[in-house]
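Number of protein chains: 2
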Amino acid sequence: MQTIFFKNKPRIVATGTIAGPKECAGVVGKYVDKALTDDMFGESTYEKAECKMLSYAISQAIQNARLEEKDVDLLISGDLLNQIISASFAARDYDFPFLGVYGACSTMAESLAIAAAFVNAGYYKKIIAATGSHFSSAERQYRYPLELGNTRPPQAQWTVTGAGGALIADMGGDNDLKNAPAITSATFGKVVDYGITDVNNMGAAMSPSTSLGILQHLKDTGRNADYYDLIVTGDLGALGSRILKDLTWEKGVDITGNHVDCGEIIYKVIEKEFQGGSGAGCSAVVFNSYIMDKLKKRELNKVLFVATGALLSTVSSGQGESIPGIAHAVAIENVE
Amino acid sequence: MQTIFFKNKPRIVATGTIAGPKECAGVVGKYVDKALTDDMFGESTYEKAECKMLSYAISQAIQNARLEEKDVDLLISGDLLNQIISASFAARDYDFPFLGVYGACSTMAESLAIAAAFVNAGYYKKIIAATGSHFSSAERQYRYPLELGNTRPPQAQWTVTGAGGALIADMGGDNDLKNAPAITSATFGKVVDYGITDVNNMGAAMSPSTSLGILQHLKDTGRNADYYDLIVTGDLGALGSRILKDLTWEKGVDITGNHVDCGEIIYKVIEKEFQGGSGAGCSAVVFNSYIMDKLKKRELNKVLFVATGALLSTVSSGQGESIPGIAHAVAIENVE
Numbered sequence: 001m002q003t004i005f006f007k008n009k010p011r012i013v014a015t016g017t018i019a020g021p022k023e024c025a026g027v028v029g030k031y032v033d034k035a036l037t038d039d040m041f042g043e044s045t046y047e048k049a050e051c052k053m054l055s056y057a058i059s060q061a062i063q064n065a066r067l068e069e070k071d072v073d074l075l076i077s078g079d080l081l082n083q084i085i086s087a088s089f090a091a092r093d094y095d096f097p098f099l100g101v102y103g104a105c106s107t108m109a110e111s112l113a114i115a116a117a118f119v120n121a122g123y124y125k126k127i128i129a130a131t132g133s134h135f136s137s138a139e140r141q142y143r144y145p146l147e148l149g150n151t152r153p154p155q156a157q158w159t160v161t162g163a164g165g166a167l168i169a170d171m172g173g174d175n176d177l178k179n180a181p182a183i184t185s186a187t188f189g190k191v192v193d194y195g196i197t198d199v200n201n202m203g204a205a206m207s208p209s210t211s212l213g214i215l216q217h218l219k220d221t222g223r224n225a226d227y228y229d230l231i232v233t234g235d236l237g238a239l240g241s242r243i244l245k246d247l248t249w250e251k252g253v254d255i256t257g258n259h260v261d262c263g264e265i266i267y268k269v270i271e272k273e274f275q276g277g278s279g280a281g282c283s284a285v286v287f288n289s290y291i292m293d294k295l296k297k298r299e300l301n302k303v304l305f306v307a308t309g310a311l312l313s314t315v316s317s318g319q320g321e322s323i324p325g326i327a328h329a330v331a332i333e334n335v336e
Numbered sequence: 001m002q003t004i005f006f007k008n009k010p011r012i013v014a015t016g017t018i019a020g021p022k023e024c025a026g027v028v029g030k031y032v033d034k035a036l037t038d039d040m041f042g043e044s045t046y047e048k049a050e051c052k053m054l055s056y057a058i059s060q061a062i063q064n065a066r067l068e069e070k071d072v073d074l075l076i077s078g079d080l081l082n083q084i085i086s087a088s089f090a091a092r093d094y095d096f097p098f099l100g101v102y103g104a105c106s107t108m109a110e111s112l113a114i115a116a117a118f119v120n121a122g123y124y125k126k127i128i129a130a131t132g133s134h135f136s137s138a139e140r141q142y143r144y145p146l147e148l149g150n151t152r153p154p155q156a157q158w159t160v161t162g163a164g165g166a167l168i169a170d171m172g173g174d175n176d177l178k179n180a181p182a183i184t185s186a187t188f189g190k191v192v193d194y195g196i197t198d199v200n201n202m203g204a205a206m207s208p209s210t211s212l213g214i215l216q217h218l219k220d221t222g223r224n225a226d227y228y229d230l231i232v233t234g235d236l237g238a239l240g241s242r243i244l245k246d247l248t249w250e251k252g253v254d255i256t257g258n259h260v261d262c263g264e265i266i267y268k269v270i271e272k273e274f275q276g277g278s279g280a281g282c283s284a285v286v287f288n289s290y291i292m293d294k295l296k297k298r299e300l301n302k303v304l305f306v307a308t309g310a311l312l313s314t315v316s317s318g319q320g321e322s323i324p325g326i327a328h329a330v331a332i333e334n335v336e
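Chains A and B are the protein sequences, given in the same order. If you count by my numbering, then the first sequence holds residues 1 to 336, one letter each, in order. If you count by my numbering, then the second sequence holds residues 1 to 336, one letter each, in order.
Read the hints as simulated data drawn from the structure, not as lab findings. Bear in mind the structure is a predicted one, so any value in this text is a computation, not a measurement. There may be inaccurate statements among the hints.
Since the list gives no way to pick out one identical chain from another, each pair is judged satisfied if it fits inside one copy or across any two copies.
[Stated by the list, open to error] Subject to a maximum C-alpha distance of 27 angstroms in a straight line, what follows is the list of computed DSS-like cross-link-like pairs (lysine-lysine): (1) K219 / K34; (2) K70 / K219; (3) K251 / K294; (4) K251 / K70; (5) K219 / K30; (6) K7 / K268; (7) K30 / K245; (8) K126 / K294; (9) K34 / K251; (10) K125 / K7.
Let the sequences and hints guide you as you build the complete structure.
Next up, the structure:
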């Protein structure tokens, strides 16, 4: 059994989100707390801009929950940069403890799952789970200097500039929270490697672990795929989503009717983004703004959020390794 | 309250450890499961050797617990390499879920604490917490190519080549486990930055967060420092340990009588290691071999294990950032 259950139903009390100009031209534009007009966010480097976005998402989640910094017990965060410096340096500005995680683009689900597990067990009452990414910092770290103007192949995705954070709280006796969406279970994923070596084809690298994660979650919970109003995957993009649907279909599970991918929907895909968005910020922004809005308005009531990560580095690829994937699934439901 | 308590007393059932030739010339030599004579461990790159050591520690912990891979519910691991590739690629070889964490050299305590929290809450029955590091992979990632033969300044530490893993289990009705050391509480640390910018002086960068972490743990638990037979810090080295003792003494707490630092004791410091060992593998090897041996033999009964991390990257330092530190504290006690 990979799935753990949260009988005390920790609530997602509030979220905070921010995204870049390109992202805000798409579906999330009217749902984020802050739509940047300048993706440098007033900073001198891409990395500092990424860190500042993450801090913004954290602070905004606290503010949207009508809480103060002193009310928060723990921050769980990570990001794509080497040694997760965005998360570590964001955490430096707050007076609460920090638990650093790394799951590449699966970080939003991983941090949400740990937060829910800790709140459900009564260890802490209020935890923030957050992550983000920046197109320009990711591009120069993982691929080439932007100034080189490299051509992107058609299977490529575009790293999202944005950040999102969620405040997970014990409902306690607080009736104000009873309508907030609850995290009811989580399925931590296995590392799966089907041998993809193309660093531009993240969707293909991540879809096997995503498929296995969803199937495992359904098996552990005894649910059919249509139990969920929506199965939202992290950032497989258009190609990865097609592979995912094929892989699950091969195992007798049809998710074509209720599946959507954050990477596939975030951009108005016209030209340069090709397969759609990627990056830890992709699912963080889409989930914490657009999806959470629909959960709060009860347009969605049962959502399986499956953020997916490609576990590579420039060193691993340079040494000839293929790209393992991971996917963590978190069930979010309106429970009353 | 930063400290969380584990009333079900999850046990450290077994550990697995491996270390390089230089490390095994020191105190851990006769306690590790495998003492390497060749720090390449038969691999073609330092990174692959580091990953293989981590896999060895994981498999050895399972074997020493007289369990099989199928009995393990979850692996919690991370390491110093960009995108924690040692942990991710080690996890690829096992058929259990993986939760990736990053806390630099605090990873052993962070992963132990999460494992204990999950087992205590009944989410999983058997979890492995593991980490490691390799001198040569760390040196070329964080500092200079080894071939350059750079001079090391006297405040420098030496990254440990080694890995350690612990299997944390619910005691359940298993009387065989009742004598195993228990994890009784954990204190997640805050990110603290006193403005150190010297990337060779990790001990100074980490000692403020370590001091605050220890003081917070003692406050939350209502204990005096002498409650513990030993307060073992991660890898502050000789200079960092002196700073730590000064900082805690300034706050009225004297730990000079029962403090030891994994970095300070791991090498027979003669010449080139200067302040001692560092790296995620430092506290992982010392704790899981030497300290656990003394706990199992009841030569020690109450240990506070405080692994410490310096949260920098080459990019953050290159952009003029100072070095924040973090320390997570885990209490391990013989409870009956």
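Hint-by-hint comparison with the structure:
1. K219 / K34: The answer is neither: 39 angstroms in one copy and 40 angstroms across copies each exceed 27 angstroms.
2. K70 / K219: Cα proximity of K70 and K219: across copies only (18 angstroms, versus 40 angstroms in one copy).
3. K251 / K294: neither (30 angstroms within a copy, 50 angstroms between copies)
4. K251 / K70: Between copies, since 23 angstroms is at most 27 angstroms while 48 angstroms is not.
5. K219 / K30: Neither. Shortest intra-copy (36 angstroms) and inter-copy (46 angstroms) distances fail the 27 angstroms Cα cut-off.
6. K7 / K268: neither (39 angstroms within a copy, 52 angstroms between copies)
7. K30 / K245: Intra 29 angstroms, inter 53 angstroms, cutoff 27 angstroms: neither.
8. K126 / K294: within (23 angstroms within a copy, 37 angstroms between copies)
9. K34 / K251: neither (41 angstroms within a copy, 42 angstroms between copies)
10. K125 / K7: Intra 15 angstroms, inter 18 angstroms, cutoff 27 angstroms: intra and inter.
Hint compliance for this structure: hints 1, 3, 5, 6, 7 and 9 are not met, and every other hint is.
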